[in-house]
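Modelling step: build the complete structure from the supplied sequences, incorporating the hints.
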Amino acid sequence: MLLTVEDIQTYYGNSHVLHGVDLEVGAGEVVALVGRNGAGKTTTLRSIMGLTPPRSGSVRFKDQAIAGEKPHRIARRGIAYVPESREPFSLLTVEENLTIATNPRSPWQLDQVWQWFPALKEIRDRKGGHLSGGQQQMMVIGRGLLTGPELLLLDEPSQGLAPVIVETVVEMLKDLRKSNLSVLLVEQSIGVALDLADRIYVLNEGRVALHARSEEIREDPSRLDAYLGLSAT
Amino acid sequence: MTTGLIIVQLMNGIALGALYALMAFGLSIIKGLLNIPNFAHGALYLIGAYVAFEVSSSLDSFWLGLPAAVLASAAVGVVIERFGVRRLYGSAYLFQLLLLFGIALVLEQCVILIWGTLGQSLTPPGILMGAVDLGVSLFPKYLLFTTLVSFLVIVGIWFVIEKTHFGAVIRAGLERREMVSALGINIELLFTLAFAMGAGLAGLAGALAVPLVGVSNTMGTDMLAIAFVVVVLGGLGSIYGAIAAGLLVGIVQSMSALWVPSASTVLIYAMMILIIAFRPQGLLGER
Ligand SMILES: Nc1ncnc2c1ncn2[C@@H]1O[C@H](COP(=O)(O)OP(=O)(O)O)[C@@H](O)[C@H]1O
Ligand SMILES: [Mg+2]
Numbered sequence: 001m002l003l004t005v006e007d008i009q010t011y012y013g014n015s016h017v018l019h020g021v022d023l024e025v026g027a028g029e030v031v032a033l034v035g036r037n038g039a040g041k042t043t044t045l046r047s048i049m050g051l052t053p054p055r056s057g058s059v060r061f062k063d064q065a066i067a068g069e070k071p072h073r074i075a076r077r078g079i080a081y082v083p084e085s086r087e088p089f090s091l092l093t094v095e096e097n098l099t100i101a102t103n104p105r106s107p108w109q110l111d112q113v114w115q116w117f118p119a120l121k122e123i124r125d126r127k128g129g130h131l132s133g134g135q136q137q138m139m140v141i142g143r144g145l146l147t148g149p150e151l152l153l154l155d156e157p158s159q160g161l162a163p164v165i166v167e168t169v170v171e172m173l174k175d176l177r178k179s180n181l182s183v184l185l186v187e188q189s190i191g192v193a194l195d196l197a198d199r200i201y202v203l204n205e206g207r208v209a210l211h212a213r214s215e216e217i218r219e220d221p222s223r224l225d226a227y228l229g230l231s232a233t
Numbered sequence: 234m235t236t237g238l239i240i241v242q243l244m245n246g247i248a249l250g251a252l253y254a255l256m257a258f259g260l261s262i263i264k265g266l267l268n269i270p271n272f273a274h275g276a277l278y279l280i281g282a283y284v285a286f287e288v289s290s291s292l293d294s295f296w297l298g299l300p301a302a303v304l305a306s307a308a309v310g311v312v313i314e315r316f317g318v319r320r321l322y323g324s325a326y327l328f329q330l331l332l333l334f335g336i337a338l339v340l341e342q343c344v345i346l347i348w349g350t351l352g353q354s355l356t357p358p359g360i361l362m363g364a365v366d367l368g369v370s371l372f373p374k375y376l377l378f379t380t381l382v383s384f385l386v387i388v389g390i391w392f393v394i395e396k397t398h399f400g401a402v403i404r405a406g407l408e409r410r411e412m413v414s415a416l417g418i419n420i421e422l423l424f425t426l427a428f429a430m431g432a433g434l435a436g437l438a439g440a441l442a443v444p445l446v447g448v449s450n451t452m453g454t455d456m457l458a459i460a461f462v463v464v465v466l467g468g469l470g471s472i473y474g475a476i477a478a479g480l481l482v483g484i485v486q487s488m489s490a491l492w493v494p495s496a497s498t499v500l501i502y503a504m505m506i507l508i509i510a511f512r513p514q515g516l517l518g519e520r
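Protein chains in written order, with this note's numbering: chain S, 1 to 233; chain A, 234 to 520.
Simulated from the structure, these hints should not be mistaken for laboratory data. Even for Gly, the Cβ is constructed at its ideal location relative to N, Cα and C. Keep in mind that the hints are not guaranteed to be accurate.
[Said to hold, decoys possible] With beta-carbon atoms standing in for the labels, derived distance ranges:
1. S/Ala119 / A/Gly237: 57 to 65 Å
2. A/Ile506 / S/Gly38: 40 to 48 Å
3. S/Gly26 / A/Phe399: 55 to 63 Å
4. S/His19 / A/Phe511: 48 to 56 Å
5. A/Gln514 / S/Pro118: 48 to 56 Å
6. A/Gly317 / S/Ala27: 54 to 62 Å
Below you can see the structure in the form of structure tokens.
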């Protein structure tokens, strides 16, 4: 396995948010993490990234224990994080945003990003703070990929985007499947998650409540109802 | 009152303001990137002044004194950051304030131990002595020199910050520290560099000030108060606001000396209160 998360317990101050999460992502695999608002999806990604380090449990990446390391060390091991709030650098141009942490050994370079998102190329000199939500999302995905990751942590990429933009992003993610990139995708839209992912973990109140292959869920989507409420279908 | 006198005071103000700008620029970079109010900034200015004085007088070379001051203050800055401030990132403001005040006191006492409490003065090097004729009036060469050096340094730093990749990383870090580190950039190294740069600028300001005001062990504290006023005026979170505000404060201070000499210091604080009342975000600050 490329990434193995075992029994992590994560807190914000005294508030206990993750109560022993286990999950795995294999090389080249796309794994979705779904669950209600507040279930702990973002916290799981932040724990892996070292931004909110777990208090106990283990995170292994390429067979090395990484829990407790500084975020920049974890990133350099080959993990890129695309946060839910996107975090564009608003005073930097689109091109500066994309190339802020480029890795010359990355299989993706700037030209590739322009190919995926021609719309971005047209506004390459615009400031990151002056973009639409969709443009921002494309930019921060590109920014992450240019660091040359083996694992992409992607938090709710379709949130708040117009359907046509969601489609562009989904197509791009499908294109990425041809390379050997692994993705851990947090996604509110079950449609998008099922479309992209090989396996799905359902998180509920800081625990993995269900783990299944995407086909199994597609055959019987009602299995998700208990954890997602009405939005599941 | 003659036009010549007004122009001279204006240029005096610009020279003085350029020193304030050097101080406040460093302070706001440190505040913006590390989120630390550097109360030791005055002490770093003090160290710059005394090192410049020592090197200039004992080696008889003002030109060695300047870089020596910058290096000495920057080196002290690196030590303060790595072994002091770094432990307090993310802890309460009060602890940071106490630590930095403590460090400032220790540094000031060290200066007193080494150089004593007696103030001293230094003349500028020969080539910068005397005055140039501006047509309307004479103006001291050395003041032109400090203005020029300050501006060149500020333009140089502006260029690095706005036009280079390293600068893009700093601008990114000013806005989103956590995201920068999540992209694989060693933010702590960036913090050390930023602190060293701010400290070096304070050292330069101290060194430039010596031929103007001499050295005295209270000069750091006096400068710190004004530098903080300048930072607030310029707007927290706007590093270039500090430059504009520095110039403004320098000019107001020296122009007011023409008409109400006794009120020139009070006027600065009055100006701060007024600007904050009507524009709480400062001159160039946002939000
Ligand atoms: N910075 C924070 N400080 C305190 N509590 C937080 C913080 N961020 C998230 N939480 C809490 O942790 C829980 C899980 O949040 P999160 O991981 O963001 O959920 P999700 O991404 O699944 O919506 C929620 O109850 C949320 O209120
Ligand atoms: Mg979330």
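### Task
Given the range 57 to 65 Å, decide if the beta-carbon distance of S/Ala119 to A/Gly237 lies inside it.
holds, 60 Å
### Task
Evaluate the given range 40 to 48 Å for the C-beta pair formed by A/Ile506 and S/Gly38.
Given range 40 to 48 Å: holds, Cβ gap about 45 Å.
### Message
I want to verify a distance hint. Is the separation of the beta carbons of A/Gly317 and S/Ala27 within 54 to 62 Å?
### Response
violated, 44 Å
### Query
So the hint says 55 to 63 Å: do the beta-carbon atoms of S/Gly26 and A/Phe399 match that?
violated, 38 Å
### Query
Given a hinted range of 48 to 56 Å, is it respected by the beta-carbon distance of S/His19 and A/Phe511?
Since the Cβ atoms of S/His19 and A/Phe511 sit about 52 Å apart, the hinted range of 48 to 56 Å holds.
### Message
Assuming the hint says 48 to 56 Å, is it satisfied by the Cβ distance from A/Gln514 to S/Pro118 or not?
### Response
Violated - the Cβ-Cβ distance for A/Gln514 and S/Pro118, about 38 Å, lies outside 48 to 56 Å.
Hints 3, 5, 6 from the earlier list are contradicted by this structure; the remaining hints agree with it.
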